[in-house]
Each structure stands twice: as structure tokens, then as C-alpha cells.
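Number of protein chains: 2
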Amino acid sequence: MHTLNDQRAFASESMIRLMRLALEAPDLGSAVSPTLQELVDRTAASGSAYFHSSNQVPTYHARAAAGALPEGPAMDAIMAHGLPADMPLMQALTQTRLPLFFDDTATVPEAAGFPALGVRSLAAAPVRHRNGSLIGAFLMHTFSPHAWSSDEAGLFTAVAETLAGLTARLAAEEDAVAAQESALRALGLGLEFKDHETLGHTDRVTDLALRLGRYLNLDARTLQALRWGSYLHDVGKLAVPDQVLLKPGQLDAAEWDIMRGHVREGSRFADALGFLPPSAHDVISGHHERWDGQGYPNRLAGVQIPLVARIFALCDVYDALTSNRPYKHAWTPEEAQAELAAQSGRHFDPDLCQAFLELLQHGSNDLQDS
Amino acid sequence: MHTLNDQRAFASESMIRLMRLALEAPDLGSAVSPTLQELVDRTAASGSAYFHSSNQVPTYHARAAAGALPEGPAMDAIMAHGLPADMPLMQALTQTRLPLFFDDTATVPEAAGFPALGVRSLAAAPVRHRNGSLIGAFLMHTFSPHAWSSDEAGLFTAVAETLAGLTARLAAEEDAVAAQESALRALGLGLEFKDHETLGHTDRVTDLALRLGRYLNLDARTLQALRWGSYLHDVGKLAVPDQVLLKPGQLDAAEWDIMRGHVREGSRFADALGFLPPSAHDVISGHHERWDGQGYPNRLAGVQIPLVARIFALCDVYDALTSNRPYKHAWTPEEAQAELAAQSGRHFDPDLCQAFLELLQHGSNDLQDS
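Chains as they are written, first to last, in the UniProt record's numbering: chain A, 1 to 370; chain B, 1 to 370.
Hints listed in this document are in silico derivations from the structure and should not be mistaken for laboratory results.
Check before you lean on any hint, since a few could be wrong.
The list treats identical chains as one, so a pair stands whether inside a single copy or across any two.
Stated by the list, open to error - Below are the DMTMM-like pairs computed for lysine to aspartate or glutamate, each with C-alpha atoms no more than 20 Å apart in a straight line:
| hint | residue 1 | residue 2 |
| --- | --- | --- |
| 1 | 194 | 271 |
| 2 | 194 | 265 |
| 3 | 237 | 192 |
| 4 | 194 | 104 |
| 5 | 328 | 181 |
| 6 | 247 | 192 |
| 7 | 194 | 242 |
| 8 | 237 | 255 |
| 9 | 237 | 195 |
| 10 | 247 | 271 |
| 11 | 237 | 174 |
| 12 | 237 | 151 |
| 13 | 194 | 255 |
| 14 | 237 | 252 |
| 15 | 194 | 319 |
The structure displayed is predicted, hence computed values, not measured ones.
Go ahead and model the full structure; you've got the sequences and the hints to work with.
This is how it looks when you write it as C-alpha cells:
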């Protein structure tokens with residue numbers, strides 16, 4: 001027989017378990033999934049979902065779901081385009097701190113739209129940003145009218161009060177990481193802004209470097225450092241005068257010295273950022289070193305050159321060869337690959353060069369975007 | 001009489017309460033403070049503290065404390081410089097998932113250093129980054145030897161397992177926010193990197209704008225937007241050719257057109273960032289508008305110009321006047337203030353101009369740094 005205290009202890013411990021799972025999850029969707037499953041297991045709900053709106057976008061997208069969801073074209077549209085912020089339910093959630101319970105969606109204006117999905121009873125709890133704005137909603141539903149019991153309401157309310165706060169913080173972390181990423185990429189793009197010839201180079205070379213990194217099974221931290229280093233590899237060119245950076249003809253020896261200085265300037269700039277991991281620095285400081293020791297600025301050779309810099313150098317040269325520049329037309333992929341192969345063991349690490357050529361010729365079986 | 005289930009329910013509910021408090025706290029220190037107080041209230045601990053290491057810094061700094069802490073020069077040094085990562089306790093914490101309990105610090109090598117502080121019993125729990133590295137430690141202590149009871153150990157372990165996960169996530173959010181801040185500032189500094197005459201301008205003008213914003217009691221979100229806008233106000237100058245940007249003499253009419261283009265280029269760049277709040281955009285797009293409608297690019301007048309842009313314009317002109325430039329010496333603060341006063345109602349919003357002059361002449365009673 002369960003006493004009230006048994007129930008209290010069980011509910012609280014269950015909540016702590018759900019919070020721990022959420023804290024260990026790699027992303028927001030997996031953080032809330034166990035909670036949605038718990039709602040389906042412990043209430044009459046047929047299904048449950050969490051909808052979230054990132055960074056001022058006026059649409060709430062499904063980030064996780066459990067149990068049975070509505071089906072059909074209207075639901076397909078919601079999964080593709082999200083719930084609009086002006087739908088009555090989301091408007092109602094902006095006005096309340098407590099969850100809303102609708103035993104029959106056909107009878108309440110706040111649930112407009114849900115009967116057409118086949119959803120007949122609905123519970124909805126708001127998730128708010130620390131500034132008070134609505135950023136998400138926990139929903140659970142049945143496909144026939146259902147009177148939500150006080151136990152069900154209690155559980156859902158406890159979820160709303162506890163998990164919602166955690167969800168909001170995880171969302172804040174996600175937003176901050178996305179903004180950091182965007183700011184770092186923008187730093188790289190700052191140069192393209194001036195040097196129109198290199199338009200798109202930063203994103204293309206970052207994409208290539210990540211594809212090669214994943215092909216080599218690098219871990220997530222190294223891939224992150226590779227991505228950040230790729231964004232910033234040429235940031236030191238901001239310090240190169242236009243007359244050298246944008247010169248249409250060949251550079252003379254003095255001008256080459258200035259141009260090569262972009263590597264040291266970039267390292268200095270990366271230092272000033274303060275939070276770049278050493279591997280990201282390595283991409284910036286080492287991307288013009290050569291396997292044969294004839295590169296700059298430090299004439300490192302072979303495996304003295306950090307792995308990420310050796311990876312990046314391949315991608316950087318390949319993108320330069322296959323792009324139009326003032327002084328040359330774009331090479332075809334085949335011509336560029338032949339040049340990489342010719343430079344294997346001279347400019348490039350031969351093992352990495354082989355892997356990169358395999359990747360370019362046969363594609364990667366990792367087709368996910370970064 | 002308390003049953004075991006009463007105790008379980010109480011402990012779990014207490015943990016949920018502590019997590020909710022942590023989730024609502026504005027920063028990491030205030031997030032863990034209620035937990036430290038709970039440890040002091042519910043165990044024999046005289047005091048408790050949370051030490052944290054941000055972003056690869058090999059030192060753990062006190063971020064929050066409760067109860068009685070050790071006193072004296074050695075403790076002063078710890079509060080000032082932090083606990084070094086190579087001290088035996090921190091080394092021991094890198095090796096364990098479970099908390100460590102020392103009934104008498106004088107007898108265990110892992111607690112070396114603590115007896116000299118007067119700390120005789122100690123409990124320590126690790127906080128880890130998701131990548132597994134140690135980022136912090138919850139500590140509690142007594143000033144005489146004390147055999148930690150199983151209840152005390154149970155509570156401390158529960159804290160370690162639950163709050164530590166949350167603390168790590170809050171730290172991740174804090175790191176990402178700091179990195180975003182640093183990347184945005186670096187974007188602004190990118191220009192100074194090229195235009196050495198403006199060295200320090202970004203930080204000085206940001207500081208002035210925040211001081212004026214706080215003097216005007218702007219809320220935290222508006223201050224953040226003002227700070228980001230200040231970092232980025234001249235980012236569009238990256239698109240201005242060197243021959244115009246760095247020209248030592250007067251610009252001709254065509255060159256002025258190009259120079260004025262930096263405002264629109266900056267807005268375009270800010271759009272590309274994707275996450276800037278509208279008020280930060282307003283600083284970038286509106287900082288060369290004038291109160292009398294004679295500014296650029298949109299010839300806005302009076303309160304058509306967003307408040308943050310009117311605030312920033314004052315600070316930008318003041319810093320330019322009081323700095324050396326190729327074509328002029330730095331004006332004295334008195335000369336610059338006289339010029340601002342003369343431009344009140346012409347270049348500048350008269351109310352804001354008066355407030356800024358008050359602030360410059362009498363100082364702010366808000367002397368905190370941003």
C-alpha cells in the first residue's frame with residue numbers, strides 16, 4: 001500500500017531522475033525526451049511533445065516527442081513549419097504561469113486548431129526565458145475527450161515548474177553557443193567583406209575541413225577546434241594593407257613578407273580572443289607550414305606540424321585551386337586533385353592527402369551537416 | 001516521528017527546491033549559494049564553499065561561500081589567487097566521481113595545505129565538464145576533527161550528484177556567454193588592428209556608453225544591446241578601402257561618401273550575425289544621425305533616432321575629440337565638454353547631453369565595472 005509520503009517521495013525522486021537525465025543530455029531534444037516519455041507512461045496521454053522557439057523566431061518547432069502523435073497533412077505541416085506564435089494556444093500560454101488543461105479541445109477557443117489534428121484533450125505548460133518571454137511549451141494530448149485527473153494535473157504541473165526552468169537554462173546555453181559560433185564565423189567573414197575574391201571561401205573551407213575531420217574520426221572537441229580555426233585562419237589578413245592584400249598582379253619579395261605576416265597577426269588576434277582551445281590556435285598558426293619544412297612562419301616539418309593544421313592546409317589549397325582568383329581561373333576538381341597528389345609528401349602529409357583524395361573521389365559515408 | 005520515507009521525501013524535495021533556486025539565479029555564484037547554506041544548516045560543517053575554474057585557467061576561484069571560512073594570510077591568498085590545480089586535493093578530485101571525506105586533514109596527504117588553514121575535517125565533491133575534465137569543487141569543512149556521519153555523507157553525495165550536473169551546465173552557459181562577448185568585442189577590435197589611430201577607441205567608447213546607460217538607469221537588456229552595439233559600431237569600416245580609411249589629409253566629397261557608407265555596411269554585417277537584438281542594430285545604424293536631422297544615413301531627427309544611438313553618439317564624439325588623430329591633437333576634457341554643450345540640441349539630444357556632462361563632471365555613483 002502506498003502512503004502519501006511514498007507518493008511524494010516517488011514523485012520527487014522521479015523528478016530528480018528526470019533532471020539528472022536532462023543535465024547529462026547532449027542537446028535540448030534529448031534533455032526533455034525522458035520527461036515526455038514519463039508523461040505518457042504515467043498519465044492517460046497518448047502522446048507528448050516539446051515545442052521550442054530559438055532566438056526571436058516567431059515559430060515553435062518540435063524538438064522532442066514521445067508516444068503517439070497526430071498524423072496527416074496538417075500534422076506534417078506543423079512538423080515542417082512549426083506552431084506559429086499567433087495560434088490561440090501559444091497566445092494563451094504567454095498569459096499564464098500555470099499549465100492549461102483542456103478536457104475537450106472542441107469546446108475551448110484556446111485550443112483552436114487541435115480538433116482538426118484529431119487531438120481532443122490537451123495539457124500545455126509554458127517554458128519561459130529568464131526575461132519572461134515564452135520560449136517553449138510542453139504539450140500532452142489524447143485522441144478522445146479526457147478529463148485530466150488531479151494526479152495527472154499534479155504531475156504535469158510539477159514537470160512544468162521544475163523541468164521548464166531547466167529547459168529554459170539549457171536553451172540559454174544553446175543560444176549562447178550558437179551566438180558564439182556565429183560571432184566567430186563573422187570574424188572570419190569580416191575579411192571576405194573586404195576581399196570579395198574570397199567570398200564564400202571561409203564557409204567552403206570550413207565545410208571541407210570538417211568533412212575530412214569526420215572522415216578521420218576525430219573527436220567532437222577536435223572537430224570544434226578545427227571549425228573555429230577554419231573560421232579564423234586568415235583573420236590576420238585584416239592587418240595586411242589593401243595595396244598588398246588586393247594587388248591584382250604578382251607580389252614582390254617585400255610584399256610577400258607582409259602577406260606572410262598574416263599568420264603571426266592571426267595568432268596574435270586569436271590570443272586576444274582568450275577562449276580559443278590550443279588546437280584552434282594550431283590551425284591559425286600552422287596552416288602555411290609544409291610537410292617538407294619549406295612553409296612559414298616556423299618551417300615546421302612532418303608531424304611537428306599539428307594534425308589540425310595539416311588537415312586544414314589540404315582543404316585551404318584545394319579550395320584556392322578550385323576557385324577563381326584575379327590571377328587565375330578555377331581549376332577543375334580533377335586538376336586540383338592531381339596537384340594535391342603531386343604535392344603529397346612535399347606540401348602535404350601523404351597519409352592525410354590520400355584520405356582527402358579518397359573523400360573527394362568517393363564521398364564520405366558521413367553526409368550529416370556539421 | 002519521522003519515517004524513512006519522510007526523510008526521503010524531505011531530502012528529495014529539498015534537492016528540487018535547491019535546483020529551482022539555482023535555475024532562477026542570475027549567475028553561477030548565486031546559483032550554488034543556497035546549496036552551500038543548506039550544507040551548513042544540515043551538517044556539522046562550519047562552512048562551505050564552491051570553487052570554480054573557468055575556461056582552461058589552472059586555478060579554482062571561490063565563487064560562493066556560506067558559514068564560517070578560515071581566516072588569515074593563507075586564506076586571503078586563496079581568496080585572491082584561488083586554489084592551484086596542482087594542489088593534492090584538486091588532483092585527487094580529478095581521479096574520483098564520488099565525494100571525498102577526510103575526518104582529520106592532518107592525517108591524509110590529499111588534504112595537504114588544509115591543516116595550515118585551520119581546516120581539520122573536509123568533504124570535497126567534484127564538478128565536471130561534460131568532456132570529463134574537473135571544473136569545480138564543492139567543499140565543506142570544520143575547524144576540529146569531525147567524523148562525517150552517513151547522513152552527512154548522504155546529503156553531500158546527493159548534492160554532488162545532482163547540483164554538480166546543474167552547476168556544470170550553468171558554467172557551460174556562462175562560458176559560452178563570455179566567449180560570445182569576447183568574439184563580439186574582437187569583431188570591433190578587428191578594425192583597430194588596421195587603423196592604429198583608433199587603438200583603444202572601442203573599449204573606451206563602450207565603457208563611456210555603459211556608464212551613461214547606467215547613469216540613466218537603463219535595464220540590463222538595453223545595457224547589453226548598448227555594449228554589443230558599441231563593440232560593433234564601426235565594423236562597417238572594414239569595407240572602406242585603406243586609401244580612404246587611412247588617408248592622412250582631408251577627404252574629398254567622393255571619399256566622404258565612401259566613408260559614410262560604413263554605417264550601411266555595418267548594418268549589413270550586423271544582420272549577418274543573426275542574433276543581435278534590435279537595440280544593438282540601432283547603435284550601429286543610428287550612431288551618425290544628428291538630433292537636428294542633419295546626420296546620416298537616414299537624416300532622422302529628435303526622438304526618431306533610437307535612444308541607444310543618441311547615447312552612443314555623445315560618447316563616440318567625446319572620445320574622438322579627446323583622442324589624438326592624424327589631423328588634430330587631443331582636446332582637453334574641458335574643451336570637449338564645451339563642444340558637446342555647444343552641440344546640445346544640434347548634434348545631440350539636449351537632455352542626454354546634460355546627463356552626460358553631469359556624469360563627466362561629477363562622476364557616477366555607479367562605479368562598478370561592466
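Here's how the hints hold up against the structure:
Taking CA atoms no more than 20 Å apart as the test, residue 194 paired with residue 271 passes between copies only; the shortest distance there is 17 Å, against 23 Å inside one copy. Taking the shortest alpha-carbon separations for residue 194 and residue 265, both the intra-copy value of 17 Å and the inter-copy value of 11 Å come in at or below 20 Å. In this assembly of identical chains, residue 237 and residue 192 lie within 20 Å of each other by CA distance both inside one copy and across copies; the values are 10 Å within and 13 Å between. Within a single copy, residue 194 and residue 104 get their C-alpha atoms no closer than 60 Å, and across copies no closer than 65 Å, so neither meets the 20 Å cut-off.
For the identical chains of this complex, residue 328 and residue 181 are neighbours neither inside a copy (33 Å) nor across copies (39 Å), given an alpha-carbon limit of 20 Å. When the C-alpha separation of residue 247 and residue 192 is checked against a cutoff of 20 Å, the pair qualifies only within one copy, where the shortest distance is 15 Å, while the shortest distance between copies is 22 Å. Both within a single protomer and between protomers do residue 194 and residue 242 lie at most 20 Å apart by alpha-carbon distance, with minima of 9 Å and 10 Å respectively. For the homomeric pair residue 237 and residue 255, the shortest alpha-carbon distance inside one copy (13 Å) is at most 20 Å, but the shortest distance between copies (23 Å) is not.
In this assembly of identical chains, the alpha carbons of residue 237 and residue 195 lie at most 20 Å apart whether taken from the same copy (10 Å) or from different copies (13 Å). For the homomeric pair residue 247 and residue 271, neither the shortest alpha-carbon distance inside one copy (29 Å) nor that between copies (29 Å) is at most 20 Å. In this assembly of identical chains, residue 237 and residue 174 lie within 20 Å of each other by CA distance neither inside one copy nor across copies; the values are 31 Å within and 31 Å between. Taking the shortest Cα distances, residue 237 and residue 151 never come within 20 Å of each other, neither inside one copy (64 Å) nor across copies (61 Å).
When the C-alpha separation of residue 194 and residue 255 is checked against a cutoff of 20 Å, the pair qualifies both within a copy, at 18 Å, and between copies, at 17 Å. Taking the closest pair of Cα atoms, residue 237 and residue 252 come within 20 Å of each other only inside a single copy of the chain (17 Å); across copies the shortest separation is 28 Å, beyond that limit. Taking the closest pair of Cα atoms, residue 194 and residue 319 come within 20 Å of each other only inside a single copy of the chain (19 Å); across copies the shortest separation is 26 Å, beyond that limit.
In this structure, the hints that do not hold are numbers 4, 5, 10, 11, 12, in rising order.
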